[in-house]
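Undergrad: Build out the structure end to end from the sequences listed, making use of the hints.
Chains A and B are the protein sequences, given in the same order.
Taking my numbering, the leading residue of the first sequence gets 31, the next gets one more, and so forth.
Taking my numbering, the leading residue of the second sequence gets 495, the next gets one more, and so forth.
Hints were generated in silico from the structure; no laboratory data involved.
Please note: incorrect hints may appear among the correct ones.
Taking CB as the label site, the calculated pair distances span [to be verified]: (1) A:Arg244 / B:Ala681: 15 to 21 Å; (2) A:Arg375 / B:Glu612: 39 to 45 Å; (3) A:Ala313 / B:Ile636: 54 to 60 Å; (4) B:Arg498 / A:Asp312: 36 to 42 Å; (5) A:His477 / B:Glu612: 30 to 36 Å; (6) A:Arg474 / B:Gly700: 37 to 43 Å.
Subject to a maximum C-alpha distance of 25 Å in a straight line, what follows is the list of computed BS3-like cross-link-like pairs (lysine-lysine) [unchecked claim]: (7) A:Lys73 / A:Lys98; (8) A:Lys301 / A:Lys598; (9) A:Lys301 / A:Lys32; (10) A:Lys304 / A:Lys73; (11) B:Lys535 / A:Lys73; (12) B:Lys603 / B:Lys535; (13) A:Lys432 / B:Lys632; (14) A:Lys441 / B:Lys632; (15) A:Lys441 / B:Lys690; (16) A:Lys304 / A:Lys353; (17) A:Lys301 / A:Lys342; (18) A:Lys342 / A:Lys98; (19) A:Lys342 / A:Lys304; (20) A:Lys98 / B:Lys697; (21) A:Lys32 / A:Lys342; (22) A:Lys353 / A:Lys342; (23) B:Lys603 / A:Lys98; (24) A:Lys285 / A:Lys598; (25) B:Lys697 / A:Lys441; (26) B:Lys535 / B:Lys708; (27) A:Lys598 / A:Lys304.
Cβ coordinates follow ideal geometry from the N, Cα and C atoms, glycine included.
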Amino acid sequence: MKTLPRADVAIVGGGWAGLLMAKELGARTGLSIVVLERGRPRKTSDYTDGMDELDYAIRLRMMQVAAKETVTFRHTPKDRALPIRQFASFLPGTGVGGSGEHWTGIVPRFLPDSFEIHTRTVERYGAKRLPENHSIQDWGITYAELEPFYTRAERLLGVSGKAGADPYEGPRSAEYPTPPLKMGYFPSMFVTAARSLGYHPAPTPSANISTPYRNPDGVIRPACQYCGYCQRFGCMVGAKAQPSNTLLPVIARQKGVSIRTGADVRRLLYKGGKVTGVSYRDAAGEEIVQPADLVMLASWTLNNTRLLLLSKIGEPFDSATGKGHVGRNLTHQSQSRAVTLFFDRPLNRFMGGGANGVHIRDLDGDFFDHGPLDFLRGAFITAHALGYAPIANFGVVPPSVKTTWGSAWKKAAIEAFDCTANLGISGEHLAYRSNYLDLDPTYRDQHGDPLLRMTMDWNDNERNMIRYLSAKMAEVGRAMGAREVVTPPLPGHYDVLTYKSTHLQGGAIMGTSPAVSVVNTWLQHWQVPNLFVLGGSAFPQNASGNPTLTILALTLRTADAIVDRYVKQPGPLA
Amino acid sequence: MRRRHFLTLSTATVGGLLVYTLDRKPIRAHAQSRKIRVPLKFFNEREAFVIAAAAGRILPSDSTGPGATEAGVIIYIDRQLASPFGRDVNRYTQPPFEEGVPEQGYQGKATPREVYREGLALLGRDFDRLTPEEQDAKLRSIETTWFFRLLRQNTIEGMFCDPMHGGNADLIGWQMIGYPGPYMSWADHIDQHYGKSFRPAPKSLGDVLGRQVKPWEDEV
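TA: See the structure below:
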């Protein structure tokens, strides 16, 4: 055990949230800041060599290795949790930049009423409409409070889009920093068909920028090349905003910030109502103590919660009694595919990018009357030119083809390969008392620490929402001229086999009082004022769209509070 | 130390196509050279013929185009099984191993190497000498096994991977489906060609970069 010299700030996790906080504090304070990242360094020039579907999109070369650390999973507290032996349902990142390096870059703002979901839902439909066993609650912050930080986050990334194109978007104080991306054929067909049915398609806000852009930090990035190597890949030209191309160039010039890789943080050190630092195992296997006055957890939703539990900070959630908060309100996202469409024309779908296309929010939030329906809320629905790669997408055939191998299947798969596409759903996932995180009693990680245990299953609200939205999108698919329109089977139980999204939320949620949350709206721990917990772990529930822009906006809001208030007078901010 | 094994292929089998050997020095099979010998890293030659024959029924060579045999899928699978993937280095393999519900995913103890060993036993030593009809009947009888699912997945991978991994020889998999590979830019094309097929000649990552890239299976 070695104890290092004290740092002013220790940040656990070098992804979007941790590095953005480091950059902000590095630019605006004289604090000494160390970022502890368990993975390896990364740089933009790594990514030309990474344009390989097998190693990166199939074998997940950039991502967290399950052999080192995974999570266990079960449907209910009565079941036995078993380890997720290989990740598939969601794909945690690792290394400098975290999953921000290989993310898709879809960056909508959350809908204004998402932040007040409990209040607004009860106002319109009455408390009786909330699902049995729900644990839905307001965030304790409003869209209006967050709006300036959304604008700052968009300028940091250079988000491409068009103000006013989406009539459902919350009020904006500024135009998007870059104009919409060029449109591929598949999204263009969706635009025509969706408009004919009364929907309002708009360019999807994208961290892939459409024109060269200089952000407020002076970082210049080039325009998207539509190469298709986006989701699960690092961008080889730096057009997709990633921590490596957006934050690291700034941090590299900052004297106060250092990034220490190979530092796998195992515990927060906690004494007398304060954290005194963290302990980690370095790449050589040595146990190191890093004392710090201020600790920021920014190691993604699941690991933030796990480190709080392992460090015995806060009261763990007990699903039987409903007491305790650490680990509760775990949410994911309802589905990633609305309908699969088979056309009789080629789509040239190798071109594009993960966030290249259009979306509609007509069936999102509470923009349609749920009075006569059997579910609440809705989904962010997309038609994107994703850049389809062959291994993952060969073999999708119409249901009339009954075999999955051999000549007949091969023929159908070749015909369908470039004539098939999906409409995507990011369905809002409500919070329930039965979906939560705690420590597993059996399985351990590479260091011998207990794994995190996920208890989660789908409920009727998700199933009924998907049924309704898939039927609506099937109508759009037919209007697009699809020869066959296939709706996926409804999710029965939650599974760890099929990719949904890497949007997991909750576990260390924010709120207006310690009676309902782990952190205050400044993401500061209620009981431990020198501990901040950044990222999606703070979201009381999933909010349909992709979470990263909101994570960045909340991080900027916390950074302001630290610079303007906490540094001058350390202590509770709320 | 493992005895060195080679896969001997007649040029009729590979159809005169470019075949990548396991050290990735391409051997051009000339019309004159009747046979080429590809060093094997995991299988012995008999096993390689059996797995190659099974992969060749999943993606057969037929009127719609070349199949697993021409793509060199067996060379891809052999190299993958010799690599950390074959040994399950990245999968969480700590006990206890318990049978769960399907939604909890694969909970088996067997590594891909062990799964293929089991599969070879299921297929039998002379699988490649059966008629195609007999081979299909045999495969249908094991369709629900983990081995068959892995073989099917690996066959698709070997058909459509970048050739640096040993499969998709001469890019025939990509040619067959019109996939051009990792071009650096479609900026002049993304909003063109609406409804019409646009089929640039396929290029491997090595072609695009003008140098070879080290695939993950070659890293220790």
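Undergrad: So, for every hint listed, does it hold in this structure?
TA: Going through the hints against the structure:
no.	hint	verdict
1	A:Arg244 / B:Ala681: 15 to 21 Å	holds, 20 Å
2	A:Arg375 / B:Glu612: 39 to 45 Å	holds, 44 Å
3	A:Ala313 / B:Ile636: 54 to 60 Å	violated, 44 Å
4	B:Arg498 / A:Asp312: 36 to 42 Å	holds, 41 Å
5	A:His477 / B:Glu612: 30 to 36 Å	holds, 33 Å
6	A:Arg474 / B:Gly700: 37 to 43 Å	holds, 42 Å
7	A:Lys73 / A:Lys98	holds, 23 Å
8	A:Lys301 / A:Lys598	holds, 23 Å
9	A:Lys301 / A:Lys32	holds, 19 Å
10	A:Lys304 / A:Lys73	violated, 36 Å
11	B:Lys535 / A:Lys73	violated, 33 Å
12	B:Lys603 / B:Lys535	holds, 23 Å
13	A:Lys432 / B:Lys632	holds, 18 Å
14	A:Lys441 / B:Lys632	holds, 22 Å
15	A:Lys441 / B:Lys690	holds, 20 Å
16	A:Lys304 / A:Lys353	holds, 23 Å
17	A:Lys301 / A:Lys342	holds, 11 Å
18	A:Lys342 / A:Lys98	holds, 22 Å
19	A:Lys342 / A:Lys304	holds, 12 Å
20	A:Lys98 / B:Lys697	violated, 36 Å
21	A:Lys32 / A:Lys342	holds, 22 Å
22	A:Lys353 / A:Lys342	holds, 15 Å
23	B:Lys603 / A:Lys98	holds, 16 Å
24	A:Lys285 / A:Lys598	holds, 21 Å
25	B:Lys697 / A:Lys441	holds, 23 Å
26	B:Lys535 / B:Lys708	holds, 17 Å
27	A:Lys598 / A:Lys304	holds, 18 Å
Figure legend: structure checked against the earlier numbered hints; hints not met, in rising order: 3, 10, 11, 20.
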